[in-house]
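Using the sequences and the hints given, assemble the complete structure.
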Amino acid sequence: MSDLIKQITSDLQKQIEGFTPEFSVSDIGVVLEAGDGIARVKGLANVKAQELVQFSNGVMGTAFNLEESSVGVIVMGAYDGITEGMTVRGTGRIASVPVGDAMIGRVVNALGEPIDGKGPIATTGFRPIERIAPGVVERQDVDTPVQTGIKSIDSMIPVGRGQRELIIGDRQTGKTAIAIDTIINQKGKDLICIYIAIGQKKAAVARTVGILEKHGAMEHTIVVVAAADESAALQYIAPYAGTAIGEEFMETGRDALIIYDDLSKHAWAYRQVSLLLRRPPGREAYPGDVFYLHSRLLERSARLANKYVIVRKDYPNELASERDGVDGKVYTGPIAKDEAVEAHKHMDNVDDYKILKVAGSGGSLTSLPIIETLLGDVSAYIPTNVISITDGQIYLEGNLFNAGIRPAVNVGISVSRVGG
Numbered sequence: 080m081s082d083l084i085k086q087i088t089s090d091l092q093k094q095i096e097g098f099t100p101e102f103s104v105s106d107i108g109v110v111l112e113a114g115d116g117i118a119r120v121k122g123l124a125n126v127k128a129q130e131l132v133q134f135s136n137g138v139m140g141t142a143f144n145l146e147e148s149s150v151g152v153i154v155m156g157a158y159d160g161i162t163e164g165m166t167v168r169g170t171g172r173i174a175s176v177p178v179g180d181a182m183i184g185r186v187v188n189a190l191g192e193p194i195d196g197k198g199p200i201a202t203t204g205f206r207p208i209e210r211i212a213p214g215v216v217e218r219q220d221v222d223t224p225v226q227t228g229i230k231s232i233d234s235m236i237p238v239g240r241g242q243r244e245l246i247i248g249d250r251q252t253g254k255t256a257i258a259i260d261t262i263i264n265q266k267g268k269d270l271i272c273i274y275i276a277i278g279q280k281k282a283a284v285a286r287t288v289g290i291l292e293k294h295g296a297m298e299h300t301i302v303v304v305a306a307a308d309e310s311a312a313l314q315y316i317a318p319y320a321g322t323a324i325g326e327e328f329m330e331t332g333r334d335a336l337i338i339y340d341d342l343s344k345h346a347w348a349y350r351q352v353s354l355l356l357r358r359p360p361g362r363e364a365y366p367g368d369v370f371y372l373h374s375r376l377l378e379r380s381a382r383l384a385n386k387y388v389i390v391r392k393d394y395p396n397e398l399a400s401e402r403d404g405v406d407g408k409v410y411t412g413p414i415a416k417d418e419a420v421e422a423h424k425h426m427d428n429v430d431d432y433k434i435l436k437v438a439g440s441g442g443s444l445t446s447l448p449i450i451e452t453l454l455g456d457v458s459a460y461i462p463t464n465v466i467s468i469t470d471g472q473i474y475l476e477g478n479l480f481n482a483g484i485r486p487a488v489n490v491g492i493s494v495s496r497v498g499g
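Residue numbers (the working numbering): 80 to 499.
Hints listed in this document are in silico derivations from the structure and should not be mistaken for laboratory results. Worth double-checking, as some hints may not be accurate.
In silico DSBU-like pairs for lysine-lysine, Cα to Cα no more than 30 Å straight-line [unchecked claim]:
#1 K121 <-> K197
#2 K408 <-> K433
#3 K436 <-> K416
#4 K268 <-> K230
#5 K127 <-> K197
#6 K293 <-> K281
#7 K293 <-> K268
#8 K436 <-> K266
#9 K281 <-> K268
#10 K408 <-> K424
#11 K293 <-> K230
#12 K93 <-> K268
#13 K416 <-> K433
#14 K293 <-> K197
#15 K280 <-> K293
#16 K392 <-> K433
#17 K436 <-> K424
#18 K281 <-> K266
#19 K197 <-> K268
#20 K280 <-> K197
#21 K266 <-> K280
#22 K268 <-> K416
#23 K424 <-> K392
#24 K230 <-> K197
#25 K416 <-> K392
#26 K392 <-> K436
#27 K85 <-> K121
#28 K392 <-> K408
#29 K85 <-> K127
Pair by pair, the computed Cβ-Cβ distance ranges are [what the hints assert, rightly or not]:
#30 K280 <-> Y460: 21 to 29 Å
#31 T223 <-> V490: 20 to 28 Å
#32 R391 <-> R286: 51 to 59 Å
#33 T223 <-> E418: 15 to 23 Å
#34 K293 <-> D115: 35 to 43 Å
#35 T170 <-> S467: 32 to 40 Å
#36 E146 <-> I484: 47 to 55 Å
#37 I211 <-> H423: 28 to 36 Å
Just so it is clear, the structure is predicted and the values come from calculations on it, not from any experiment. For every residue, glycine included, the Cβ atom is placed at its ideal position computed from N, Cα and C.
Below, the structure written as structure tokens:
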């Protein structure tokens, strides 16, 4: 008996000595209340603003309101399965969407997931949906046009690559038609288009995609959809997700065009989410930061400055990388070329060197936001906000449209403010 006890004791001792505890530290909270696409969570003491959180049923959300005793979370997915008492875990990540050339020709939702029935998207690149806009030194003047294919716009209200040109007017005045015509006109050119449908009927989106396919425009277009029956949270993040997709092309030296159809519904979705989370309402019940909502979105559209380096004359490629400069410098900014030329002049054996553009620099992201007015009132809250953010507006009038003038552009009020 004593031998058996010794054997058991010995076996237990070996197991205890060989045991390696596995543990992890994570921020955990509990759902206090949920509904209408939002959840109020107690706990998550270390969560950060805009951080992704995961509910115990696998649905993701974003920490939107950080309060003293709770966190307001907007649910990015099906919220009907979220119940009181459910656990929530912080992830330490920011919401991201897939990006890259594989996205071209596809229809995706606000999270970048395909909804066109063509299978998964073969891309490995991801970008956060929220990013700080390029700084002043990283930009250059807008001097290359975007041909919309509409004579009245291209001749009197020209749009440049990297510009933000607002399309504004009452409902049923041809705002979306101008945007779709612009996309179709890029066929065979070097401009990649992203069309973002916010709060639209799925039938209307299907009709738009059908028009693009009929004219062969889906070969250079990505469609991002947050339909009217989807949660306000997805309608809120859709423009930011689409912009992240466009930034991938801009930051690899290419030109992209992005259309937000429309930002009025985007503001409504943001107002809905904010009121549900009990943020203090301001004018027209919008929260106080509704201007920042659109300014931080539209400022991400830009024409990036070219970068230059000085290399040896026998350098084999037409474009260089930032590491190839013989003086260890990368010349960037609005006067980068002039600075590089001046530095080149003062080099010994100047004929042995040349100036090359850095590959991937000089890309652009042009945006055409759409705003719907009520009875032609362009002085309302959201229209005046977006007019002040953008570089001009194309104003469409219902009277001109009804008189058979298409597009119904009022050239007296419309303007294009481009630098250069």
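Verification of the hints:
Distance check on the hinted pair: K121 and K197 sit about 41 Å apart at the alpha-carbon level, beyond 30 Å; violated. Restraint check for K408 and K433: the C-alpha separation of about 14 Å stays at or below 30 Å, so the hint holds. Of the pairs offered as hints, the one joining K436 and K416 holds, with about 9 Å between alpha carbons and a cut-off of 30 Å not exceeded. Among the hinted pairs, K268 with K230 is consistent with the structure: their alpha-carbon atoms are about 18 Å apart, no more than 30 Å.
Between K127 and K197 the CA atoms are separated by roughly 36 Å; this puts the pair beyond 30 Å, and the hint is violated. Under the criterion of a C-alpha separation no larger than 30 Å, the hint pairing K293 with K281 is consistent with the structure, at around 18 Å. With a C-alpha separation of about 17 Å, the suggested pair K293 and K268 falls inside the 30 Å cut-off, and the hint holds. Of the supplied pair hints, the one linking K436 and K266 holds, its CA atoms being roughly 27 Å apart against a limit of 30 Å.
Our distance criterion of 30 Å between C-alpha atoms is met by K281 and K268, whose separation comes to about 29 Å. With a C-alpha separation of about 15 Å, the suggested pair K408 and K424 falls inside the 30 Å cut-off, and the hint holds. A hinted pair counts as satisfied when its Cα atoms are at most 30 Å apart, and K293 with K230 qualifies at roughly 23 Å. For the given pair, K93 sits about 72 Å from K268 by alpha-carbon distance, which is inconsistent with the 30 Å threshold.
Annotation: proposed proximity of K416 to K433 holds, straight-line Cα distance about 12 Å (limit 30 Å). For the suggested pair K293 and K197, the alpha carbons sit about 17 Å apart, so the restraint of at most 30 Å is met. Between K280 and K293 the alpha-carbon distance is near 20 Å, which keeps this suggested pair within the 30 Å criterion. Restraint check: the Cα-Cα separation between K392 and K433 comes to about 5 Å, which is no more than 30 Å; the hinted pair holds.
This hinted pair checks out: K436 and K424 have alpha carbons roughly 17 Å apart, not beyond 30 Å. Straight-line distance between C-alpha atoms of K281 and K266 comes to about 25 Å, which keeps the hinted pair within the 30 Å bound. Distance hint between K197 and K268 is fulfilled; the C-alpha atoms sit about 25 Å from each other, no more than 30 Å. Distance hint between K280 and K197 is fulfilled; the C-alpha atoms sit about 21 Å from each other, no more than 30 Å.
About 26 Å separates the Cα atoms of K266 and K280, which keeps this hinted pair within 30 Å; it holds. Between K268 and K416 the alpha-carbon distance is near 27 Å, which keeps this suggested pair within the 30 Å criterion. Proposed proximity of K424 and K392 is supported: the alpha carbons are some 14 Å apart, at most 30 Å. This hinted pair does not check out: K230 and K197 have alpha carbons roughly 36 Å apart, beyond 30 Å.
Of the supplied pair hints, the one linking K416 and K392 holds, its CA atoms being roughly 17 Å apart against a limit of 30 Å. Taking the CA atoms of K392 and K436, the gap is near 14 Å; set against the 30 Å cutoff, the hint holds. A hinted pair counts as satisfied when its Cα atoms are at most 30 Å apart, and K85 with K121 does not qualify at roughly 50 Å. For the hint linking K392 to K408, the alpha-carbon distance of about 17 Å falls within 30 Å, and the restraint holds.
Pair hint K85 plus K127 does not hold up; C-alpha atoms about 54 Å apart against a cutoff of 30 Å. At roughly 25 Å, the beta-carbon separation of K280 and Y460 lies within the given 21 to 29 Å, and the hint holds. Between T223 and V490 the C-beta distance comes to about 23 Å, which sits within the given range of 20 to 28 Å. For the pair R391 and R286, the supplied restraint of 51 to 59 Å holds, since their beta-carbon distance comes to about 56 Å.
As the Cβ distance of T223 to E418 is approximately 22 Å, the hint placing it in 15 to 23 Å holds. For the hinted restraint 35 to 43 Å between K293 and D115, the CB-CB distance of approximately 38 Å keeps it satisfied. Between T170 and S467 the CB atoms are about 36 Å apart, so this pair conforms to the stated range of 32 to 40 Å. Taking 47 to 55 Å as the suggested C-beta distance range, the pair E146 and I484 conforms, at roughly 52 Å.
Distance hint for I211 and H423: a CB-CB separation of about 33 Å, consistent with the stated range 28 to 36 Å.
Comparing the model with each numbered hint stated earlier shows that hints 1, 5, 12, 24, 27, 29 do not hold.
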